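Going down the list, the protein sequences come from chains A and B. Everything in the first sequence is counted per our numbering, starting at 25 for the first residue and increasing by one. Everything in the second sequence is counted per our numbering, starting at 25 for the first residue and increasing by one.
These are computed hints drawn from the structure, not numbers from a lab. Note that this is a predicted model, so its numbers are computed, not measured.
Any copy will do: because identical chains look the same in the list, a pair fits if it lies in one copy or spans two.
Below, simulated DSS-like cross-link-like pairs (lysine-lysine); rule was C-alpha separation at most 30 Å, straight line:
id, residue 1, residue 2
1, K206, K231
2, K358, K456
3, K449, K404
4, K232, K467
5, K82, K35
Number of protein chains: 2
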Amino acid sequence: MDAAEFRRRGKEMVDYVADYLENIEKRQVYPDVEPGYLRSLIPEEAPEEAESYEDVFKDIERVIMPGVTHWHSPYFYAYFPTANSFPAMLADMLCGAIGCIGFSWAASPACTELETVMLDWLGKMLKLPEDFLAGTEGRGGGVIQGTASEATLIALLAARSKIVKLIQADHPDRSETHIISKLVAYSSDQAHSSVERAGLIGGLRMKKIPTDNKFSVRGDALQKVLEEDRATGLIPFFFCATLGTTPSCAFDCVTELGPICNAEKIWMHIDAAYAGSAFICPEFRPLLNGIEFADSFNFNPHKWLLVNFDCSAMWVKNRSDIIGAFKMEPLYLKHDHQESGLVTDYRHWQIPLGRRFRSLKIWFVFRMYGLKGLQAYIRKHVGLAKEFESLVRADQRFEISADVVLGLVCFRLKGSNELNETLLKRINNARKIHLVPCQLAGKFVLRFAVCARTTESRHVQEAWCHISHLASELLQELPH
Amino acid sequence: MDAAEFRRRGKEMVDYVADYLENIEKRQVYPDVEPGYLRSLIPEEAPEEAESYEDVFKDIERVIMPGVTHWHSPYFYAYFPTANSFPAMLADMLCGAIGCIGFSWAASPACTELETVMLDWLGKMLKLPEDFLAGTEGRGGGVIQGTASEATLIALLAARSKIVKLIQADHPDRSETHIISKLVAYSSDQAHSSVERAGLIGGLRMKKIPTDNKFSVRGDALQKVLEEDRATGLIPFFFCATLGTTPSCAFDCVTELGPICNAEKIWMHIDAAYAGSAFICPEFRPLLNGIEFADSFNFNPHKWLLVNFDCSAMWVKNRSDIIGAFKMEPLYLKHDHQESGLVTDYRHWQIPLGRRFRSLKIWFVFRMYGLKGLQAYIRKHVGLAKEFESLVRADQRFEISADVVLGLVCFRLKGSNELNETLLKRINNARKIHLVPCQLAGKFVLRFAVCARTTESRHVQEAWCHISHLASELLQELPH
Chain A
25 MDAAEFRRRG KEMVDYVADY LENIEKRQVY PDVEPGYLRS LIPEEAPEEA ESYEDVFKDI
85 ERVIMPGVTH WHSPYFYAYF PTANSFPAML ADMLCGAIGC IGFSWAASPA CTELETVMLD
145 WLGKMLKLPE DFLAGTEGRG GGVIQGTASE ATLIALLAAR SKIVKLIQAD HPDRSETHII
205 SKLVAYSSDQ AHSSVERAGL IGGLRMKKIP TDNKFSVRGD ALQKVLEEDR ATGLIPFFFC
265 ATLGTTPSCA FDCVTELGPI CNAEKIWMHI DAAYAGSAFI CPEFRPLLNG IEFADSFNFN
325 PHKWLLVNFD CSAMWVKNRS DIIGAFKMEP LYLKHDHQES GLVTDYRHWQ IPLGRRFRSL
385 KIWFVFRMYG LKGLQAYIRK HVGLAKEFES LVRADQRFEI SADVVLGLVC FRLKGSNELN
445 ETLLKRINNA RKIHLVPCQL AGKFVLRFAV CARTTESRHV QEAWCHISHL ASELLQELPH
Chain B
25 MDAAEFRRRG KEMVDYVADY LENIEKRQVY PDVEPGYLRS LIPEEAPEEA ESYEDVFKDI
85 ERVIMPGVTH WHSPYFYAYF PTANSFPAML ADMLCGAIGC IGFSWAASPA CTELETVMLD
145 WLGKMLKLPE DFLAGTEGRG GGVIQGTASE ATLIALLAAR SKIVKLIQAD HPDRSETHII
205 SKLVAYSSDQ AHSSVERAGL IGGLRMKKIP TDNKFSVRGD ALQKVLEEDR ATGLIPFFFC
265 ATLGTTPSCA FDCVTELGPI CNAEKIWMHI DAAYAGSAFI CPEFRPLLNG IEFADSFNFN
325 PHKWLLVNFD CSAMWVKNRS DIIGAFKMEP LYLKHDHQES GLVTDYRHWQ IPLGRRFRSL
385 KIWFVFRMYG LKGLQAYIRK HVGLAKEFES LVRADQRFEI SADVVLGLVC FRLKGSNELN
445 ETLLKRINNA RKIHLVPCQL AGKFVLRFAV CARTTESRHV QEAWCHISHL ASELLQELPH
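With the sequences and hints as input, model every part of the structure.
Right, here's the structure in full:
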């Protein structure tokens, strides 16, 4: 395919993409396929000779679409949102064409510099303390990670490296392995599975702190565990607070936890993967209070801020903490400016070496929406969640299982877990809408997350009618 | 921006991308900017109100392009290639539109299934042993990682988890920390910096095995270190072999190393990040001999197989090894089919949770080029490297520093390191072509890597004329 054909096929693809997104609600949100469906639809081996583009293109509808879960359908209410916007897609086209690998400043200065400035823009939108901004001479700064899982892992590893150096400075005789064997990290018992997984990867002990009746970690709960652990000779070094947990969008009490972590010299990382986007609205910004105590902070614009995956924004107060943890300097990656202190080589900030020009997506989206447009988008989703909450509350058969703060509603039929499992199964089997469950205090709960950019009040109303209807059917079948 | 405007702007962007790539050689390959150039060109904060697309678009040339290192210019010979092709860009547009997050089968069955089948296609193209293919009931299988760094880390962590379980099965009293403190992993002293970094991340001892005069690890060198380490009570558990090292594209002697690793129950991972693409050609496939001894294998189609970044292909012989290392099953990620044994939940195979629909790129590229087209592409680049090698060899002032096997030529002026450093500085300062150096056996060496899809013989000739001219100037300045 040469540039001339790309001009033609690219324009066709632009129309296909626009058609797909404009008509997405006509597609069944969750596919009917069984495991292994795809293998029999295509050849067992790659073709020897080139095929025509027509043949490839027509297979999108034949092979791919029947097996797609349509995350951008207004009938998709599962997991959390993943962003999708036209400006982000345009920026990604440009990113693909430039196709630079921005591991160092020299590998493509624009790639590094736009990222640093975009993370400052975003940090200012969130009203992050100045410590976290790169500015022109700050000690902090931001970076785009692929996912929140990677951000948590990076923070954990940086904290591990820092505490080891700190202890060895006082006790040069203690080996790294010995120190690591004594370390202990903490998170909420509601934290995302990726936090526990980060502990596994880093070979580190990770404990879950029990939450209160709002699914929030409180200061006294952490303090209690710290005292117990210090008494047995363990070394607490890391706490991952969650703002907006995955099960119920609960918020750890960072204003209580932060001062404890600071006093005890424990690295506090804040994971606000989903909720973070909302903090650009003044009315939700108080949810981030206590950020001033954190060493690192992360959220995913690729969830709820209209920047397509992957774009997970992370800031650190002291970038030397993160860089120092993994710095490697082979000759083939050296460049003239790196010792000047003026440049950022983002390869030291992340697990992979290579990285795409992802900040273009932020730049396009923020400029095309403006801060006001982004705030309006967040508020609309929160409004839709509140609307759904009202519908649930108005129905005596149901209960709300957790405070509705942002775009997630946790609800269930009053009754057994089995009853709710059956209801969810019927909802998903009907294929009209798609939801996933969670467990809260031993209860099986349905999660209704407002996800798609195109979700409107009518979709929420329709979803509720459908759920309510399936619930009626189910309840009628039960013996009284 | 609504769908109607996206149709218009998307088509303009397709033309911009085509124009950029068609005319890329007219742009200066390496930018003139100084660190910090970009910040002053754009506002300090995101706009409150939405801007027009025209304003954003015109800033591409004003703000971004002056700071881009043009990796796809035919005058770019630095690092290793990164792929860029029209079919891959079309597939990425589709990937962005579908915008699913394929962490589990249910999250978008097509995303998981196409990936499994594409990795089988690619495995067959490389003539990998059947053990590595997923087939319909195999124990092995492939996965797309973001980068080779992540693949190495995943392999290392899977090996760590496996050895710990194995030792604890015989000695239930030994703690994980105690076992880990005795473990030792190995790689070539020519291995990529990411291998050493993986050891740092996993908190694992990592040793470098000395290479022979071809920069290759041989069996006896590994055997010697293993004996020494076992004698001091260490537990060897992982060896990362490199096929196509970053400094000089050297090949570890896997046919000698593999049997040793198998006999000693050491996990052998093969990192062929750059060279792997060439193994689709029968004449280069012997370089992969010994793969049958490996537990895991990885290379980057996003380097040299025309699939845009990121697409790092990894295979394991026994997928339970990799899945078992990190499996986490929160309720919100469970789905009906996951216990059936028929589905793959790729989140267990990787560091991040989220993942894009990257296999679309492979599918489009392999079908639009065909195996023959891809082989021709590899052969063309190898031919251009050989052409450059001949030019260097014909000039008595220069020497070739390592065997030219694929698309990389390592060369230098006969003389001091300082002389060569000066030559490289002048080459890069002239901005006509872009190269990076490496160090081989204490010598400062220039690397000429054939990178761009559009590089032709005339560009290589021109590059050589330029280098030769700058060398003449430099040598004339020297006192005799």
